[in-house]
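Each protein sequence line maps, in turn, to chains A and B.
Position one of the first sequence corresponds to residue 0 (numbering that gives the first Met the number 0), numbered consecutively onward.
Position one of the second sequence corresponds to residue 0 (numbering that gives the first Met the number 0), numbered consecutively onward.
Note that these hints are calculated values from the structure, not bench results.
This one's a predicted model, so the numbers in the text were calculated from it and none came from an experiment.
Where is the CB? At the ideal position from N, CA and C, for every residue including glycine.
Keep in mind that a hint or two might mislead.
If you want a taste of the chain B side facing chain A, the calculated C-beta under 7 Å gives, among others [what the hints assert, rightly or not]:
#1 Leu6
#2 Glu59
#3 Arg60
#4 Tyr62
#5 Cys231
#6 Gly234
#7 Ala235
#8 Cys236
#9 Phe237
#10 Val240
#11 Tyr247
#12 Leu252
Covered stretches of chain B (chain A as the covering partner; in silico rule of three or more C-beta atoms under 8 Å from a C-beta of chain A) [said to hold, decoys possible]:
#13 7-21
#14 218-230
Single-letter residue listing:
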Amino acid sequence: MPAIPDPTPSARQGTFELCGVSLRGPVLNGSGTFDAIAARRAFGDALLERFPFDAFVSKTITLEPRQGNAPPRLWETPAGMINSIGLPNKGLDGFLATDLPELAQLPVPLVVSVMGLGRDELARLVGAVGERDEVSMLELNVSCPNVETGLIMGADPAETALALERVRPETAKPLIVKLTPNATDPGAVAAAAESAGADAVSLVNTLKGMALHPETGEPWLGGRTGGLSGPAIRAIALEQVAAVASRVEIPVIGMGGIASGRHAADFMAAGASAVAVGTESFRDPAAGRRIATELAELSLPGRRGATPSRGV
Amino acid sequence: MREPRTLAPPERRVAVVSGIERLGAYHLVTAHDGSGPRDPRPGQFYMLAAEECWGGGGDERPYLPRAFSYARAHVEPDGVSLGFLLEAIGPGTERLAGLGPDDGLALVGPLGIGFRPPSDGARPVLVGGGIGVAPLLCLQEELDDPTVLLGFRSAAHAQAAALFSGQPSVVTDDGSVGRQALVTELLAAELDADSAVAIFACGPPPMLEAVRALCADRGVPAQLALESGMACGFGACFGCVVPTTDGYVRLCLDGPVLDADRLETAMFAGAGH
Numbered sequence: 000m001p002a003i004p005d006p007t008p009s010a011r012q013g014t015f016e017l018c019g020v021s022l023r024g025p026v027l028n029g030s031g032t033f034d035a036i037a038a039r040r041a042f043g044d045a046l047l048e049r050f051p052f053d054a055f056v057s058k059t060i061t062l063e064p065r066q067g068n069a070p071p072r073l074w075e076t077p078a079g080m081i082n083s084i085g086l087p088n089k090g091l092d093g094f095l096a097t098d099l100p101e102l103a104q105l106p107v108p109l110v111v112s113v114m115g116l117g118r119d120e121l122a123r124l125v126g127a128v129g130e131r132d133e134v135s136m137l138e139l140n141v142s143c144p145n146v147e148t149g150l151i152m153g154a155d156p157a158e159t160a161l162a163l164e165r166v167r168p169e170t171a172k173p174l175i176v177k178l179t180p181n182a183t184d185p186g187a188v189a190a191a192a193e194s195a196g197a198d199a200v201s202l203v204n205t206l207k208g209m210a211l212h213p214e215t216g217e218p219w220l221g222g223r224t225g226g227l228s229g230p231a232i233r234a235i236a237l238e239q240v241a242a243v244a245s246r247v248e249i250p251v252i253g254m255g256g257i258a259s260g261r262h263a264a265d266f267m268a269a270g271a272s273a274v275a276v277g278t279e280s281f282r283d284p285a286a287g288r289r290i291a292t293e294l295a296e297l298s299l300p301g302r303r304g305a306t307p308s309r310g311v
Numbered sequence: 000m001r002e003p004r005t006l007a008p009p010e011r012r013v014a015v016v017s018g019i020e021r022l023g024a025y026h027l028v029t030a031h032d033g034s035g036p037r038d039p040r041p042g043q044f045y046m047l048a049a050e051e052c053w054g055g056g057g058d059e060r061p062y063l064p065r066a067f068s069y070a071r072a073h074v075e076p077d078g079v080s081l082g083f084l085l086e087a088i089g090p091g092t093e094r095l096a097g098l099g100p101d102d103g104l105a106l107v108g109p110l111g112i113g114f115r116p117p118s119d120g121a122r123p124v125l126v127g128g129g130i131g132v133a134p135l136l137c138l139q140e141e142l143d144d145p146t147v148l149l150g151f152r153s154a155a156h157a158q159a160a161a162l163f164s165g166q167p168s169v170v171t172d173d174g175s176v177g178r179q180a181l182v183t184e185l186l187a188a189e190l191d192a193d194s195a196v197a198i199f200a201c202g203p204p205p206m207l208e209a210v211r212a213l214c215a216d217r218g219v220p221a222q223l224a225l226e227s228g229m230a231c232g233f234g235a236c237f238g239c240v241v242p243t244t245d246g247y248v249r250l251c252l253d254g255p256v257l258d259a260d261r262l263e264t265a266m267f268a269g270a271g272h
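All chains, please: the whole structure from these sequences, using the hints.
Written out as structure tokens, the structure is:
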């Protein structure tokens, strides 16, 4: 892959700030919904010239390499899809050696998503990733069981607080906590994360879902269950974003089925400071850029409220 | 050798349907792509969706675009005319088959890695089954008079053979056109006569597995164009992985054409759905 010059400092200057990091706008990608390295193989350097997001969030990395779940991994639903991917990644060492140098060539700030099977592992990941200059922020994927307690870290406020307290001293960089919607009270988890030192929260992750083989009645997905995403979950995500935003002062990054600037504006009206695009990028790799443009047009002075959000 | 991959523009665009031709069980959708690359490589694919009314069909689907190898790409003065062969078997293919002239066909592509040319001295043999004949059509145009072996379920499906030039050998499951036989029986006879060949195959998983096993037994190189359910087509979703000797690979990124010797089987979980 040909090297391209680093973006000039002025290219990184933005008009929008998230956790003290300057961005050119408020539209990110959801972790695991866009592989910028793979996309560059398919689209070439045109991807960098017309990069779809204002910050890039990596796929979640774990300490050890993972090959991911057995196929099949996808199932289409009404207005959405279920995935059971299983966090394939090269592991921390492979990521730092192979992926990070390529991600550093992107024209936007980099957010690295990490997941640990326990607090010590998470702390090691945060420390190793946080010390890299190429990384602007970290996102903690806490939608996994803690092997020490068996509890899903992000489903429980106390578990989430303990995780944050453990990793907070490892880096001065902003820590975003990715909340799972499969929690009894995401607002309580968000408040616990804020109290323990989180700089932002992002939500929603996928909702647990399942599909059956049409002939055998057995689970279709190799991982048996998966995560539902797309417009099918937008109303649920919007409610959770509003509920969380009412409980915390730190920025909320809202996502879940956003497919247009109007949807993004709805999430921001519900209290999100920034938004992320996920499944819609599968349908159009430039969806993030389109949504950012539509959002900017909606936000122009004098335009607020000028167009009804939907017909009847 | 440079991999046979023409890069796609990094956004979805809209091509304009110029014709829908009914070929027995299949539809050939032709669309004018005014802004995409004019030189896709045989075996590459596009993610397709109807510009309008994509959704609300059976089971309130489709939602995701559908991956199709292109069957034809003919350069025109102001773009390229792309042909896609499809069989209406679900909500996505039914909607695409229902497109009419001047309708918008949203697409991303060309994507993936296509067929590599045969090595010097190897006679190319194209082996297609059913809807899998699609990428062999454009491949035939690029090769020097390859042998073409085709298998279909029935006479209605075998009408797709008329898209090939020359005289392809055709067999059917029910004997309604040609002999009642599997296309892999034709391939076995071909290999018995001359094994200095290179195989290019696309078809249903059982056919590809038979081709793979046959070629592995005889040490004949084969390239297989595989299919796997995919959401995006450009490596984002990690959904289309297939097991290879190097572990899982994303078929959209490292395929859809894979060397047969990278596979232990072409019958992986989810194949054919």
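Okay, the hints, checked on the actual structure:
Nearest Cβ of chain A to the Cβ of Leu6 of chain B: about 4 Å, under the 7 Å cut. The hint holds. For Glu59 of chain B, the interface hint holds, since its Cβ comes within 7 Å of a Cβ in chain A; the closest pair sits about 3 Å apart. Interface restraint check for Arg60 of chain B: the shortest CB-CB distance to chain A comes to about 6 Å, inside 7 Å, so the restraint holds. Annotation: Tyr62 of chain B was flagged as interfacial toward chain A, and the flag holds, the nearest CB pair being 6 Å apart, inside 7 Å.
Among the interface hints, the one on Cys231 of chain B holds; its C-beta lies about 4 Å from the nearest C-beta in chain A, closer than the 7 Å criterion. Using the Cβ-Cβ criterion of 7 Å, the hint placing Gly234 of chain B at the interface with chain A is satisfied: the shortest such distance is roughly 3 Å. A least Cβ separation of about 5 Å between Ala235 of chain B and chain A falls short of the 7 Å threshold, and the interface hint therefore holds. With a least beta-carbon distance of about 5 Å to chain A, the hint placing Cys236 of chain B at the interface is held under the 7 Å criterion.
Restraint check, Phe237 of chain B versus chain A: the minimum CB separation of about 5 Å is within 7 Å; hint holds. Annotation: Val240 of chain B was flagged as interfacial toward chain A, and the flag holds, the nearest CB pair being 6 Å apart, inside 7 Å. Residue-level restraint check for Tyr247 of chain B holds (minimum Cβ-Cβ distance to chain A is 6 Å; threshold 7 Å). The beta carbon of Leu252 of chain B comes within 5 Å of a beta carbon in chain A, closer than 7 Å, and the hint placing it at the interface holds.
Look at the stretch 7-21 of chain B against chain A: 5 of its residues bring a Cβ nearer than 8 Å to a Cβ of that chain, three or more, so the hint holds. Only residues whose beta carbon comes within less than 8 Å of a beta carbon in chain A count, and the stretch 218-230 of chain B has 4; three or more means the coverage holds.
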